[in-house]
Amino acid sequence: MNFLKTIKYPILKGIDFSGLTFLSPVVRLCYGEEPAVQIKKIVQWIIIPIIAILIFIFAWNQASDNIHTKSGRLPSPKETLLAYSAIDTFAEYEALKEEAYLMSGNERISELEVTEKLIAAIEPIVESTTEAVKTTKAAYAEKIEARIAPLDEERKKTDAAFKEAQASRKAALAEMSEALTPGDTAAYEAFLAAVKDDVSKTDEEKDKVRALKSEIDDIRDEKSKDVAKALYAQTQAAEELQFLQKKVDQLTRDNRSEKVASAKVEMSEEFATLTTLTGADAFKTARGIAKDEARLVKTETSDYAGAKTLWYQTRRSILCVFTGFLLGSAIAIPIGILCGLNSTFMAAMTPFVAIFKPVSPIVWLPICLIIASAYVPAPEDSTLMNWMWEDAWFLKNYDINPAFIASACTVALCSLWATLANTALGVASIDKDHMNVARVLKLGFWSRLFKIVIPSALPLIFAGLRISLGVGWMVLIAAELLSSSEGIGKFVWDQFNNGASDSFAKMVVVVFIVGFIGLLLDRIMIVFQRLVSFEGGAAGV
Amino acid sequence: MSFLELKDVNVGFGPASSRTEVLSNINLSVKEKEFVAIIGFSGAGKSTLMSLLAGLQAPSSGSVTMNGKPMQGPGPDRGLMFQNYSLLPWLSVFDNIKLAVDRVFPELSKSEKADKIHHYIKMVKLDHAPDKKPHELSGGMRQRASLARTLSLDPEILLLDEPLSALDALTRSEIQDQILNIWETDKRTVVMITNDVDEAVLMADRIIPLTMGPKATLADEFEVRMERPRDRHTLNDHPEFMRLKSEITQFMMDLNEESKGLRKNDIVPMPDIRPKDFALPTATPRLKNRHSQPGKPKSAA
Numbered sequence: 001m002n003f004l005k006t007i008k009y010p011i012l013k014g015i016d017f018s019g020l021t022f023l024s025p026v027v028r029l030c031y032g033e034e035p036a037v038q039i040k041k042i043v044q045w046i047i048i049p050i051i052a053i054l055i056f057i058f059a060w061n062q063a064s065d066n067i068h069t070k071s072g073r074l075p076s077p078k079e080t081l082l083a084y085s086a087i088d089t090f091a092e093y094e095a096l097k098e099e100a101y102l103m104s105g106n107e108r109i110s111e112l113e114v115t116e117k118l119i120a121a122i123e124p125i126v127e128s129t130t131e132a133v134k135t136t137k138a139a140y141a142e143k144i145e146a147r148i149a150p151l152d153e154e155r156k157k158t159d160a161a162f163k164e165a166q167a168s169r170k171a172a173l174a175e176m177s178e179a180l181t182p183g184d185t186a187a188y189e190a191f192l193a194a195v196k197d198d199v200s201k202t203d204e205e206k207d208k209v210r211a212l213k214s215e216i217d218d219i220r221d222e223k224s225k226d227v228a229k230a231l232y233a234q235t236q237a238a239e240e241l242q243f244l245q246k247k248v249d250q251l252t253r254d255n256r257s258e259k260v261a262s263a264k265v266e267m268s269e270e271f272a273t274l275t276t277l278t279g280a281d282a283f284k285t286a287r288g289i290a291k292d293e294a295r296l297v298k299t300e301t302s303d304y305a306g307a308k309t310l311w312y313q314t315r316r317s318i319l320c321v322f323t324g325f326l327l328g329s330a331i332a333i334p335i336g337i338l339c340g341l342n343s344t345f346m347a348a349m350t351p352f353v354a355i356f357k358p359v360s361p362i363v364w365l366p367i368c369l370i371i372a373s374a375y376v377p378a379p380e381d382s383t384l385m386n387w388m389w390e391d392a393w394f395l396k397n398y399d400i401n402p403a404f405i406a407s408a409c410t411v412a413l414c415s416l417w418a419t420l421a422n423t424a425l426g427v428a429s430i431d432k433d434h435m436n437v438a439r440v441l442k443l444g445f446w447s448r449l450f451k452i453v454i455p456s457a458l459p460l461i462f463a464g465l466r467i468s469l470g471v472g473w474m475v476l477i478a479a480e481l482l483s484s485s486e487g488i489g490k491f492v493w494d495q496f497n498n499g500a501s502d503s504f505a506k507m508v509v510v511v512f513i514v515g516f517i518g519l520l521l522d523r524i525m526i527v528f529q530r531l532v533s534f535e536g537g538a539a540g541v
Numbered sequence: 001m002s003f004l005e006l007k008d009v010n011v012g013f014g015p016a017s018s019r020t021e022v023l024s025n026i027n028l029s030v031k032e033k034e035f036v037a038i039i040g041f042s043g044a045g046k047s048t049l050m051s052l053l054a055g056l057q058a059p060s061s062g063s064v065t066m067n068g069k070p071m072q073g074p075g076p077d078r079g080l081m082f083q084n085y086s087l088l089p090w091l092s093v094f095d096n097i098k099l100a101v102d103r104v105f106p107e108l109s110k111s112e113k114a115d116k117i118h119h120y121i122k123m124v125k126l127d128h129a130p131d132k133k134p135h136e137l138s139g140g141m142r143q144r145a146s147l148a149r150t151l152s153l154d155p156e157i158l159l160l161d162e163p164l165s166a167l168d169a170l171t172r173s174e175i176q177d178q179i180l181n182i183w184e185t186d187k188r189t190v191v192m193i194t195n196d197v198d199e200a201v202l203m204a205d206r207i208i209p210l211t212m213g214p215k216a217t218l219a220d221e222f223e224v225r226m227e228r229p230r231d232r233h234t235l236n237d238h239p240e241f242m243r244l245k246s247e248i249t250q251f252m253m254d255l256n257e258e259s260k261g262l263r264k265n266d267i268v269p270m271p272d273i274r275p276k277d278f279a280l281p282t283a284t285p286r287l288k289n290r291h292s293q294p295g296k297p298k299s300a301a
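Sequence lines, in order, name chains A and B. Going by full-length UniProt numbering, 281 is the number at position 281 of the first sequence; the sequence numbering is gapless. Going by full-length UniProt numbering, 63 is the number at position 63 of the second sequence; the sequence numbering is gapless.
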């Protein structure tokens, strides 16, 4: 009980510090502090937002029912959720395939057995679901035909009747035209009126037939929920089967240890051949063996080369945004400090800031791409790139390439301005008294900089960094989309070009992922900002 | 032999055409280990005078010398205690003092420095809060931390710029006693600026009034010939204290009257006009009229 009491204020302080203030009434309520006040706050800050979210989902659902265009329709919340689980399943399958690729020995054999059993189990399901799709489709088609048949009958009948009427009107008009005598204005007027009447009647009749036709088409276009359900079940089963078959490939033909073993067998055979050869042939075969051996070494340490999952792309995007952000900050903070300290330098920098600040990422990106690929014309030969692919800590998992560097540079170029401006402001607006303290103490330039100027400007610098990171995250998605740097932006672009039935839904999933990560980054920066700010508040945690 | 000397000092701001003379013709000489109080009204240029003494500001003309040498810029040998504490808000009390100690005694070891810092913290009775940040301290505690930082510089001269003006009466007397205590045990030169006559009489050896600005200058000094230590409780009955207090107060009030007299010409006579009618014009019919004004097109419709 005492322990609970002692952690109450640390909990509340932590909540306040991380900006999750909506949780503090819950904690206070748990401690029984002014229940009425806390419940009012909970209603205001938790219940009301939840209701707002529910209203949003409902409105979204309604909108998705009504927004249909030629290129697609707005995915409903449910479809979005299904797309999310499809993305997740895909990632899971890739992970399992990778595991299978790396398996060897008895583990591989037993896994192969299990997988084959699973295939045997799922094959009938695929068949039955395919059958079910066929039968539901047929049943539905029958139902539709039954509904259409009377309408079609009616359409045919009306069409025939109208054609008959039109023919008889035409004949009557022909007769009338024969009977006309030039100069008889009244007769001509009557004739013209009859022709007009015929035209309008014909149009009317055509419209009626067209209306019937479109009614029939509408019925044909109706999507059956049963068919959709059957199709979904079939797709699920088929996808799982496909995955299992591919996994078998990874356990046999494509398996790493298997590849190594077969290569070894091949090499020993080659060696046997070599021992029978002399002269030029021997030389040729020996070289072949040497090459194979080098390849074998690579195979032994090779990684699974599968498709990139959205989670991998998200991690790579985050890595890219931080790379760009750190790069931008490394430029912006020193320049900002110099600007704040020296008005002449500030005057020199102002034109650059003013002109480059509004430039869109779309413009920076090609320039960055050209520069990045000019610096690394052949990534395979570059020592730095090879180091990053093979040895660099966790970077080696992320396949750093010129497109990545260009995206990061674009992020840096677009995001550094907020930090630059805030740093300059923070340094320029140092309390005069604090500078007087430095003068009285006769601090040198560096200790003045690190003991007075930077600590005093830090809260504003961090406010700038927070804006920069937010801008960088927004810019990055566009940059990746254009540069095809493996990341969330590329995922969106691939989905846009893919045109599968759930592509749109996957893009909507991305909207939420991007938003959520953006929120997270912002929260992290808020915590940092609070850590360095010194006046009042929860700065002491 | 004067320790700190100001000779014919003038300070002014702005271009020659619209120049504001803040201080003019200041002559001050402070002897070693002397406690001098400069008393003046707010806005008289007291803080400018202090900036001069600290070297934060150079005079427009005249000379400021310390130990016979002309003063060049500020330095830790003149411990300036700022009116608004000027503690660095991102550092704890300990670290604020450490900043000064690091600068003045770079040769000391880490533990020697810590001992020194704790010594000063104890001296101002802040030993319960060395790790507190300035915003967690009361005004009096902040001022004491500021005093400790100033003392830790081990300056040859202490410059106190209205150190106690922002404090309540109780805290004020407490810190007055502390400053006096420290001064009496460890005699050094002190120049204090204040606007409180009692404070000046209680603490100083000499009291020098600063006349009203602009063109403020130092008036004739009052010497305080009272034995130390002075006890604030019995002081109120001390005839010398009473005499000095009333004399200085009278002098300051005369100064005030005088400056008011100088400003009398500024009063501009207002014309003697009596407004005829304060009643509001009736609003509604006028509004209606505006809408139906003849000859205006009704474009709004």
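There could be a bad hint or two in this list.
Not the full set, but computed from the structure, chain A residues with beta-carbon under 8 Å of chain B [unchecked claim]:
| no. | residue |
| --- | --- |
| 1 | P150 |
| 2 | V437 |
| 3 | L441 |
| 4 | F534 |
If you're looking for bench data, these hints aren't it; they were derived computationally from the structure. Every residue, glycine too, gets a C-beta built ideally from N, C-alpha and C.
> Which numbered conditions among the earlier hints are violated in the structure presented, ordered from lowest to highest?
Replying inline: Structure breaks hint 1 only.
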